[in-house]
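Asker: Chains as they are written, first to last, in this note's numbering: chain A, 202 to 564; chain B, 18 to 275; chain C, 503 to 786.
Treat the hints loosely; a few may be bogus.
[Stated by the list, open to error] Restricting the straight-line Cα-Cα distance to at most 20 Å, the calculated cross-link-like pairs of lysine to any residue (SDA-like) are:
id	chain 1	residue 1	chain 2	residue 2
1	C	K539	C	G747
2	C	K575	B	F43
3	C	K620	B	G96
4	C	K712	C	G747
5	C	K556	C	K576
6	C	K686	B	V142
7	A	K348	A	E311
8	C	K576	B	D243
9	C	K594	B	I244
10	C	K667	B	I244
11	C	K686	B	M224
12	C	K771	C	N656
13	C	K686	B	L118
14	C	K667	B	R59
15	C	K662	B	M226
16	C	K575	B	Y44
17	A	K541	A	V458
18	C	K667	B	D243
19	C	K686	B	Q137
20	B	K185	A	P283
21	C	K620	C	Q706
22	C	K594	B	F45
23	A	K348	A	I380
24	C	K778	B	D243
25	C	K575	B	G128
26	C	K686	B	S129
27	C	K592	C	T604
28	C	K575	C	N731
29	C	K686	B	V251
30	C	K662	B	M224
Everything labelled a hint here was simulated from the structure, so no lab data went into it.
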Amino acid sequence: MPRIELRNIHKHVLDGLTLIIEDGEIVALVGPNGAGKSTVLNVIAGLTPYKGEVYFDGKKMDDIPSYRRGVGYLFQDLCLFPHLTVGANIAYSLRVRGDNGAAIAARVKELTKALHIEKLKERYPQSLSGGEKQRVAIARAVACSPKILLLDEPTSSLDSQTAKYLRAELGGFLRRMGITAVFVVHDLLGAEEIADRIAIIHKGRIEQTGPPEIIFFDPGTEVVSEFIGRPNILVCDRCRVLSSGLVEIVSGDVRVVFPYEGNMVERIAISPHDIYVSRTKPPGPTLNRYQAIVTNISRHRSQVRIGLRIGRTIIAAELTDSAFDEMDIAEGSEVYIVIKLRRLRYVESKAKRHLWPESASEN
Amino acid sequence: MTFKRLAIAFSVGVFVLYAGLILSLFYFYKGPLFLEALCSPRTLFSIKLSLMTATAATAMSVVFAIPSAYALSRYSFFGSRIIDTMLELPMIVSPVALGALILIFFNTPVGSFFQERGMQVVFTVYGILLAQFITTVGIATRLMKSAMDEIPVRYEEVAKTLGASPAKAFFTVTLPLSRGGIIASAILTWAKAVGEFGATITVAGSMAMRTETLPVAIFMRLASADIEGTAVLVLILLVMGLGLLYGVRLLTGRRSYV
Amino acid sequence: MKLRIVLVGCVLALSLFNVAAPSFAEELLVFAGAASKPPTEEAGRVFEKRTGVKVNLTFGGSGFVLSQMELGKKGDIYFPGSSDFMEVAKRKGLVFPGSEKTVVYVVPAINVVAGNPKAVKSLHDLAKPGLRVAIANPEGVCVGLYAVEIIERNFSPMEKAAFRKNLVNYTESCEKTATVISLKAADAVIGWRVFQYWNPERIQTIPLKKEEIVRIGYIPIAISKLTANRPLAQRFIDFIVSDEGRAIFRKYHYFMTPEEAFAWIGEKKAVGGEYKLPAEWIAK
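Work out the full structure: start from the sequences and follow the hints.
Answerer: Printed below as a string of structure tokens:
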């Protein structure tokens, strides 16, 4: 399974882009719309002329046309051939290659079984649901066992339930086959679930690459930070398991309790959108609730970012300007905040020992 | 009147217009003359000649048009816009003018060399084929280009990522997907070839039992002030032409891939 | 916006009316064979200037314009390119037989490409193998019928067969017969002597031997029964056959009298009349 190397690529918005994808890796390419993500895929696949160099396992691919590069491509709009049945769609690359009928039939059977679409073999693409089409497209793309698979927003057209399920299956599938994969998403929602590494693309260049934890908890640049939403990153001073499935961490003067199955948490990241701000005391239990003082207010596009001080700890909340304007908050105002756990991310501690000091009085 | 009814009324109006013209043929109709004309060797020859030359010319046009249409549809190359405009030549230039152009060509050294050493075209059946081909190949290309424009280039890109060379992608994806449009274009081309008159008579002449197609025969009748004969032949051409077109329509049916 | 549409519509309607409105007091509609187009056009212009009557000329194959006249149900004068279509018109009751007058006389001859590249010297040369020959459609065009008669009269059966083998086309009208030579679509045709004058740079006339010619043709003119103004039509005919009218035709090299024609041929010949086309020449 090859190592993909892109050197100094110039095409459309891509401005000297350089990227390495290791053998067997699954890399998520993220960036805002128009950043050039699809262009990167097209360059790897050879579907568009470009300046720069592309290497597969050290072999220069620039003069090799797309149909000889052995790169599978799952397009965002799938593009299943409407004039062929599902089975014929999947078998397409094998027929083109010249495989014999029996081998083709066997492979189609194997793939439809693996992706749970056996019953659809004789149907035409028009009559399938979104999720079914997606599976057929995957089967078609991997039928001839390409060493590289490119996926353009593979789950963006699906409802979140199906998307989550499909992502898990896809990840497992790709790993089992040992395929080097690059997939494009425009937000991070599902990227971390299957990617080994995330590459953030900005203004035609790679801003930063790294495993999901590094990206989230150690954004290299302002751009990356901006892209991931400038989350609140709290280093856990102390951490203890409350009961099975529940854990408490303390960071500075903030204490957060959240569901967690494992042992130790080193760091958590909370999205500013998940900090709920209110002038009046919100109803409900006091868990994960605090009073804070507004330290600063900054407006950016249609969002308002509020700096909040809880004791010594400063965190940020973000809301739409219309929501903010209704609240009549200014610097120095006293507000109540609730920490929502919806998208809380954490980094597990590598250390085996408890971070909770033995002598602590809390229990 | 609802919008739907209004729209339908227009299409019915067109039909009534044509039907009215056909019905008025019967004003000069003479029953026994019809049968006599229909069974005469001369008319039968004209029918056979018209059918054969139109079908052959259509086949030639289609063979030329498909790759040309593909090039114009998919690739943007130097001069593609000029070529695209040039396709309209037969429509702008009247058929007789087109025929005159062909005759003039065969007057040039290149043309006359071809006729001396190659084969005679003027006043022969080959002249008919050439006239019909030249008249129809432009529009055939145009129509097929439109049909191919409807097929997203994306499908070909997909095929390429699945290992198909550009040629393979064309034959296994683009061509089958544009099949309906291509067949429709071929049918229209055939109809145009059958009805071709101006260029045919100019290049191939009007010799009975040799180069007299049905449209030419109709003109010859009218030029001999034989109006009953004209009406009869017009009727024969109508029945033959429309009948065949409708038959082909029923056979090919319609399958849309949207 | 709506006002603009209304205004444009009014202007268009008014202009249409303008087009339809006649600017002359009286008009004549002449259906003429294209064989004598140049002199007829000139004659029409002179008549217009002289009398103030607008002369509308429609040209085409003699049979074609006859059909148009018959179907259009209008027309004042029928001026075909040859006598046999006048016979058809008389038979169909479309002209007043009594009003028929002869305008000019025409003599059949061989026409070849200027410079005579195939070295055609006489009628019998037309049977030489490899020569491409054309005649007008004998069923519909006078000069074609005369050509057939000449062949029938002068060729042996073998020569006739050879000639027919050389025939590449029956042209559909008089002037098409001349055009065939101009465009070099054939090497020789049997047409009218005057063809040469229609396009001297391209057409050359080879006279027939006097014994080969059977009859000479004439171009007649008559009043159409569909006329709305018989006296006016008569005036036009009178002008055409007057010395002044005839002079215009002489300028274009037509023969004014039979005698002129006979003088050129060298023998007296029948004028016009009917010739029955042998069945073998017509495809039925």
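Asker: Look at each hint and say if it fits the structure.
Answerer: Now for the hints, and whether the structure bears them out:
In summary, the hint linking K539 of chain C to G747 of chain C is supported, as the alpha carbons are separated by about 14 Å, within the 20 Å threshold. Between K575 of chain C and F43 of chain B the CA atoms are separated by roughly 18 Å; this keeps the pair inside 20 Å, and the hint holds. Proposed proximity of K620 of chain C and G96 of chain B is contradicted: the alpha carbons are some 44 Å apart, above 20 Å. Among the hinted pairs, K712 of chain C with G747 of chain C is inconsistent with the structure: their alpha-carbon atoms are about 29 Å apart, more than 20 Å.
Taking the CA atoms of K556 of chain C and K576 of chain C, the gap is near 16 Å; set against the 20 Å cutoff, the hint holds. A C-alpha spacing of about 18 Å is found between K686 of chain C and V142 of chain B, which places the hinted pair at or below 20 Å, so the restraint holds. For the proposed pair K348 of chain A and E311 of chain A, the alpha carbon gap of about 18 Å is at most 20 Å, so the pair holds. Pair hint K576 of chain C plus D243 of chain B holds up; C-alpha atoms about 18 Å apart against a cutoff of 20 Å.
Proximity of K594 of chain C to I244 of chain B is assessed by CA-CA distance (about 11 Å); at most 20 Å being required, the pair is judged to hold. A C-alpha spacing of about 31 Å is found between K667 of chain C and I244 of chain B, which places the hinted pair above 20 Å, so the restraint is violated. For the hint linking K686 of chain C to M224 of chain B, the alpha-carbon distance of about 18 Å falls within 20 Å, and the restraint holds. Our distance criterion of 20 Å between C-alpha atoms is met by K771 of chain C and N656 of chain C, whose separation comes to about 15 Å.
With a C-alpha separation of about 13 Å, the suggested pairing of K686 of chain C with L118 of chain B holds against the 20 Å cut-off. A distance of roughly 19 Å separates the Cα atoms of K667 of chain C and R59 of chain B; the hinted pair therefore holds under the 20 Å criterion. For the hint pairing K662 of chain C with M226 of chain B, the CA-to-CA distance comes to about 18 Å; that is within 20 Å, so the pair holds. Note on K575 of chain C and Y44 of chain B: the hinted pairing holds, with a Cα-Cα distance of about 15 Å set against a maximum of 20 Å.
A threshold of 20 Å between alpha carbons decides the hint, and for K541 of chain A with V458 of chain A the separation of about 10 Å falls inside it, so the pair holds. Using a Cα cut-off of 20 Å, the hinted pair K667 of chain C and D243 of chain B is violated, with the two alpha carbons roughly 28 Å apart. Restraint check for K686 of chain C and Q137 of chain B: satisfied, since their Cα atoms lie roughly 13 Å apart, inside the 20 Å limit. In summary, the hint linking K185 of chain B to P283 of chain A is supported, as the alpha carbons are separated by about 17 Å, within the 20 Å threshold.
Of the pairs offered as hints, the one joining K620 of chain C and Q706 of chain C holds, with about 12 Å between alpha carbons and a cut-off of 20 Å not exceeded. This hinted pair checks out: K594 of chain C and F45 of chain B have alpha carbons roughly 15 Å apart, not beyond 20 Å. With a C-alpha separation of about 5 Å, the suggested pair K348 of chain A and I380 of chain A falls inside the 20 Å cut-off, and the hint holds. Among the hinted pairs, K778 of chain C with D243 of chain B is consistent with the structure: their alpha-carbon atoms are about 18 Å apart, no more than 20 Å.
For a cut-off of 20 Å, the pair hint linking K575 of chain C to G128 of chain B is broken: about 45 Å separates their Cα positions. Note on K686 of chain C and S129 of chain B: the hinted pairing holds, with a Cα-Cα distance of about 9 Å set against a maximum of 20 Å. Distance check on the hinted pair: K592 of chain C and T604 of chain C sit about 15 Å apart at the alpha-carbon level, within 20 Å; holds. The straight-line distance between the Cα atoms of K575 of chain C and N731 of chain C is roughly 14 Å, inside the 20 Å bound, and the hint therefore holds.
At most 20 Å may separate the alpha-carbon atoms for a hinted pair to count; K686 of chain C and V251 of chain B exceed this at roughly 32 Å. Among the hinted pairs, K662 of chain C with M224 of chain B is consistent with the structure: their alpha-carbon atoms are about 17 Å apart, no more than 20 Å.
Checked against the numbered hints listed earlier, the structure breaks hints 3, 4, 10, 18, 25 and 29; every other hint is satisfied.
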